[in-house]
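Turn these sequences into a full structure, and let the hints guide you.
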Amino acid sequence: GESVGLHLPTLSVQEGDNSIINCAYSNSASDYFIWYKQESGKGPQFIIDIRSNMDKRQGQRVTVLLNKTVKHLSLQIAATQPGDSAVYFCAEMWGAQKLVFGQGTRLTINP
Amino acid sequence: NAGVTQTPKFQVLKTGQSMTLQCAQDMNHEYMSWYRQDPGMGLRLIHYSVGAGITDQGEVPNGYNVSRSTTEDFPLRLLSAAPSQTSVYFCASRRGLAGETQYFGPGTRLLVL
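In order, the protein sequence lines correspond to chains A and B. 1 is the number of the first residue of the first sequence in my numbering; add one for each residue after it. 112 is the number of the first residue of the second sequence in my numbering; add one for each residue after it.
These are calculated hints, taken from the structure and not from any lab test. Quick reminder that beta carbons are idealized off the backbone N, C-alpha and C, glycines included. Please note that the accuracy of each hint is not assured.
What the hints assert, rightly or not - So the derived list for chain A, only partly shown, Cβ under 7 Å to chain B, looks like this:
{"no.": "1", "residue": "ALA29"}
{"no.": "2", "residue": "GLY43"}
{"no.": "3", "residue": "PRO44"}
{"no.": "4", "residue": "PHE101"}
Listed below in structure tokens is the structure:
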């Protein structure tokens with residue numbers, strides 16, 4: 001069915017460590033993927049995106065990896081900081097209009 | 112730019128009441144959409160619009176109406192509120208193309224008693 005899911009609902013890491021958040025998607029025809037960060041009481045904030053013709057894209061302290069063979073997406077956050085604590089959503093674009101969100105992973109940074 | 116703005120921030124309704132959630136953007140974006148977010152869940156698309164005068168249904172449109180008379184505004188109407196519509200509602204906009212960044216508003220928290 002149509003679903004974008006996450007392997008773990010919660011993730012705790014030590015400050016300064018690297019975090020990896022995983023996502024499985026179901027629509028092999030999806031051609032655009034986005035990671036959003038949502039802090040408590042706020043709307044989702046765009047982090048990074050990747051198109052299906054790429055397998056890796058890097059931003060500032062973040063990297064997104066796309067494995068189309070197994071329909072897997074991951075977000076890597078380097079040197080995590082307290083401000084990285086939030087819920088992270090992956091989303092996939094079906095066609096031109098429909099953005100399907102995953103359930104979300106709560107990332108907690110321990111001091 | 113103010114980006115995407117939503118009003119009110121919080122609203123309590125009784126079952127059967129109607130109300131309109133306001134959304135506005137000042138980025139001249141063609142595409143606007145409404146999502147709802149239930150506890151522990153991702154966002155689900157309610158309705159969307161690809162331009163003034165054009166709207167279409169998303170995943171969960173029942174119980175909601177929308178209109179798009181201007182590029183800037185995209186109000187969401189609850190015709191007869193039900194407790195199942197208790198949720199946080201987010202409005203979003205993007206320039207138009209599918210690969211463009213989508214910007215979200217701060218959300219409206221709705222409680223239906």
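Exercise. Where does the structure disagree with the numbered hints, that is, which hint numbers, in rising order?
Worked result: 1
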